[in-house]
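The listed protein sequences derive, respectively, from chains A and B.
First residue of the first sequence? That's -6 in the working numbering, and the numbers climb one at a time after it.
First residue of the second sequence? That's 3 in the working numbering, and the numbers climb one at a time after it.
Incorrect hints may appear among the rest.
Output of the computed footprint for chain A on chain B, the stretches with three or more beta carbons under 8 Å from beta carbons of chain A [as the list claims (entries may be wrong)]:
#1 4 to 18
#2 23 to 35
#3 39 to 48
Quick list of in silico lysine-lysine cross-link-like pairs, BS3-like style, CA-CA up to 30 Å [as the list claims (entries may be wrong)]:
#4 A:Lys64 / A:Lys207
#5 B:Lys49 / B:Lys31
#6 A:Lys207 / B:Lys49
#7 B:Lys8 / A:Lys207
Estimated spans, in silico, between C-beta atoms of each pair [as the list claims (entries may be wrong)]:
#8 B:Leu39 / A:Trp105: 29 to 37 Å
#9 B:Leu39 / A:Trp102: 24 to 32 Å
#10 B:Ala57 / A:Leu(-2): 28 to 36 Å
#11 B:Leu42 / A:Tyr24: 28 to 36 Å
#12 A:Ala16 / B:Val26: 48 to 56 Å
#13 B:Lys31 / A:Leu139: 24 to 32 Å
#14 B:Gln50 / A:Val211: 18 to 26 Å
#15 B:Glu7 / A:Val142: 43 to 51 Å
#16 A:Gly174 / B:Leu39: 48 to 56 Å
#17 A:Phe22 / B:Arg47: 21 to 29 Å
#18 A:Phe182 / B:Leu45: 54 to 62 Å
#19 A:Lys207 / B:Leu22: 30 to 38 Å
Bear in mind the hints are in silico, worked out from the structure with no lab data behind them.
In this text, all values refer to a predicted model and were calculated from it rather than measured experimentally.
Just so it is clear, CB atoms sit at the ideal spot from N, CA and C, and this is done for glycine as well.
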Amino acid sequence: MSTWLRNNRLAALAALAFVLVTASIALVFFYAPVDEDGLNQKIFYFHVGIALTAYACFAWGGWKALLVLWKGDQDADLESYVAIHQGVIFGALTLVTGSIWARYRWGHWWEWHEDQLVLFLVLFLFYAAYFMLRFSVPAGPRRSNLSAVYALFGVALVPVSILAIRLSERFIHPVAFDKGGPNMAGSQFFTFCVSLAAMLSLAATLYHVELAGKRIDVRLRELREALQ
Amino acid sequence: MSVEEKYVAAAYLVIFAVVLAYVVIIALKLQRLERELSELAELARVKQEERRAVAVG
């Protein structure tokens, strides 16, 4: 079994993601109670899970970027790039699902005076600009180093974005977690944890699939150069 | 379907659509990689035949 797992890690991860996503959808719609916010609150389970997954992807991209600068690991550059790409995809999903929730709850798609929203948008745009920087420089150590420095600057924005809702004196964004723990019933918290695990495993699967594709791409290019 | 249900459905459909689009992009990329691999295999075969012809000649 362990040999099979070692040889089929990606397939096992994909299966885990499938099981967790299916379980979380079932829990959201058939187990978690509808609270005073109404049915619209069911967006929360995936919206917050996706937002935290985006932060995790940016943090992972930052860690890999640190390895590029610290140990000169060029393979970590590709890993950092793919992690940030995943972070931007999950970041875009956070903004879209949050806007759909806000349209129903607040009557607006966006609130410019809401620190949490604006800071997340700043973080998202910062990382979206990462690709402009990366593809404006020819491939090589210079591009790896520039991308790594930029990715590390972005990581500093992650705790600011998470803490914004707590530091802000005036906010309307709901607070799911405070000093006293989760602001929800046990069944809701369990559903949220499963949803978060589902999003993290989905992101990990997509990360490894994309990374495998990029590595094959690089090796094919090297092979073409060797043959010609 | 109530307005509230429509918003919840829209949020989950967006997530599903994005993941599906991602899978389609990866599938297209795999097709391209497969095509490139076939081209390289053909190139390697031609080179091998050339080397064999030089060795025989």
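Comparing the hints with the structure gives:
{"no.": "1", "hint": "4 to 18", "verdict": "holds (count 11)"}
{"no.": "2", "hint": "23 to 35", "verdict": "holds (count 5)"}
{"no.": "3", "hint": "39 to 48", "verdict": "holds (count 4)"}
{"no.": "4", "hint": "A:Lys64 / A:Lys207", "verdict": "holds (21 Å)"}
{"no.": "5", "hint": "B:Lys49 / B:Lys31", "verdict": "holds (27 Å)"}
{"no.": "6", "hint": "A:Lys207 / B:Lys49", "verdict": "holds (27 Å)"}
{"no.": "7", "hint": "B:Lys8 / A:Lys207", "verdict": "violated (38 Å)"}
{"no.": "8", "hint": "B:Leu39 / A:Trp105: 29 to 37 Å", "verdict": "violated (50 Å)"}
{"no.": "9", "hint": "B:Leu39 / A:Trp102: 24 to 32 Å", "verdict": "violated (45 Å)"}
{"no.": "10", "hint": "B:Ala57 / A:Leu(-2): 28 to 36 Å", "verdict": "violated (46 Å)"}
{"no.": "11", "hint": "B:Leu42 / A:Tyr24: 28 to 36 Å", "verdict": "violated (51 Å)"}
{"no.": "12", "hint": "A:Ala16 / B:Val26: 48 to 56 Å", "verdict": "violated (25 Å)"}
{"no.": "13", "hint": "B:Lys31 / A:Leu139: 24 to 32 Å", "verdict": "holds (25 Å)"}
{"no.": "14", "hint": "B:Gln50 / A:Val211: 18 to 26 Å", "verdict": "holds (24 Å)"}
{"no.": "15", "hint": "B:Glu7 / A:Val142: 43 to 51 Å", "verdict": "holds (47 Å)"}
{"no.": "16", "hint": "A:Gly174 / B:Leu39: 48 to 56 Å", "verdict": "holds (53 Å)"}
{"no.": "17", "hint": "A:Phe22 / B:Arg47: 21 to 29 Å", "verdict": "violated (55 Å)"}
{"no.": "18", "hint": "A:Phe182 / B:Leu45: 54 to 62 Å", "verdict": "holds (58 Å)"}
{"no.": "19", "hint": "A:Lys207 / B:Leu22: 30 to 38 Å", "verdict": "violated (21 Å)"}
Checked against the numbered hints given earlier, this structure breaks hints 7, 8, 9, 10, 11, 12, 17 and 19; the rest are met.
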